[in-house]
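> Below, each chain spelled out in residue letters.
There are 2 protein chains.
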Amino acid sequence: MPLSSTLLENAVDQLATLPGIGRRSAMRLALDLLRRDAGAVHRFADAIRRMRDEIQYCNVCCNISDRPVCEICSAHDRDKGLICVVEDISAVVAIENTHQFKGLYHVLGGVISPMDGVGPEDLHIARLLERVAEGGVKEVVLALSATLEGDTTSFFLNKRLSERDVPVTVIARGISIGGDLEHVDELTLGRSIMDRKPYEQAVRR
Amino acid sequence: MPLSSTLLENAVDQLATLPGIGRRSAMRLALDLLRRDAGAVHRFADAIRRMRDEIQYCNVCCNISDRPVCEICSAHDRDKGLICVVEDISAVVAIENTHQFKGLYHVLGGVISPMDGVGPEDLHIARLLERVAEGGVKEVVLALSATLEGDTTSFFLNKRLSERDVPVTVIARGISIGGDLEHVDELTLGRSIMDRKPYEQAVRR
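Chains A and B, in that order, give the protein sequences. 3 is the number of the first residue of the first sequence in my numbering; add one for each residue after it. 3 is the number of the first residue of the second sequence in my numbering; add one for each residue after it.
Worth flagging that the hints you see were computed from the coordinates, not collected in a lab. Remember, it's a predicted structure, so these values are computed and weren't measured experimentally. Just to be clear, a hint being listed does not mean it is correct.
Pairs involving identical chains hold if they fit within one copy or between any two copies, as the list cannot separate such chains.
Stated by the list, open to error - With a straight-line cut-off of 25 Å between C-alpha atoms, the simulated SDA-like cross-links for lysine to any residue are:
1) Lys104 with Thr8
2) Lys140 with Ser27
3) Lys104 with Glu11
For reference, chain A alone in the conformation it holds in the complex (with noise of 0.2 Å):
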């Protein structure tokens, strides 16, 4: 049955595109927006749209960050030598819960995925190559997620990567083959950070 009002419809079918919420759950989000007072609404929408025009990226690592260099790659108490690569913030978020890791990060934005179109020109590779250029870089560490995508990726960066002569350690398969990172638990986490690899060790079978 169609909805009696297109504005309701439209805002279903838009809360239906969220990953995970299908058409029934983005009803009862609907209605539940529907019962809050406009102000809180409004404070709804324009965090969204806010979020989008106005977020800006750390131009070092290219994590999102509201000022030029963010927090961590201006701290003085971190390891400026160690490079934690990673696809996006959530996984900063993660890894920095663990404790375990005292270097900085590089956000690719992504993984290397052919069918969804992503190439490695659409991630920040480029600004990788150049952080490792500029000198000073003692060890990179491939902390992406254990998928297809996710291993073509550490793949095709430790190809780059070796041509510079950086040594390239990939996090422990403590982590379950399969799995988003962002599910992963902390103990599972911190621990796959703690007993990384060399690359070459790391894909041996």
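Fit chain B to the given chain A structure using the hints.
Just chain B now, with coordinates in the frame of chain A:
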């Protein structure tokens, strides 16, 4: 760990106010929105804002509607003597999908819930009594949730409607069609035994 961006933080906070969405899911939704182009995110935010600002309600049944009198209330082939009382539009959609009801609706906008500070005066009950007072109503069907709040509301409505001499019925409670008997809760099963019907009546149609 606090996020590196207050813009992202705000968006995640707002998304986490939605029912059933925790902070982790909210982060996933925010990152998904961030990956879309600006136009798509504007359409998303605007659909929600416009729904809240411009939505209207049917003057007769109080359902969400783009017209002063909704499609169902203005239809010529529906029984105007039969009013089904429901909580919200999602119940209307669910009942319409059964194709078993050809009367009109009355949308209360919720149920009486002292815990949430919702009293009878917060619901569209006065308008329901008005409709009955206008005459021509042969039966009011109460189709509220089988919860403490739903039952309280049904009790209250039956009392007020009985004073107006209109027959009040309640939708049947019992085991669900196609359900295993061993998975039915005791209350429902007990109720379905008390409300048993002659076989010939139960299997008709």
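> Taking the hints in turn, state whether each one holds.
Here is how each hint holds up against the structure:
1. Lys104 with Thr8: between (52 Å within a copy, 23 Å between copies)
2. Lys140 with Ser27: neither (48 Å within a copy, 35 Å between copies)
3. Lys104 with Glu11: between (48 Å within a copy, 23 Å between copies)
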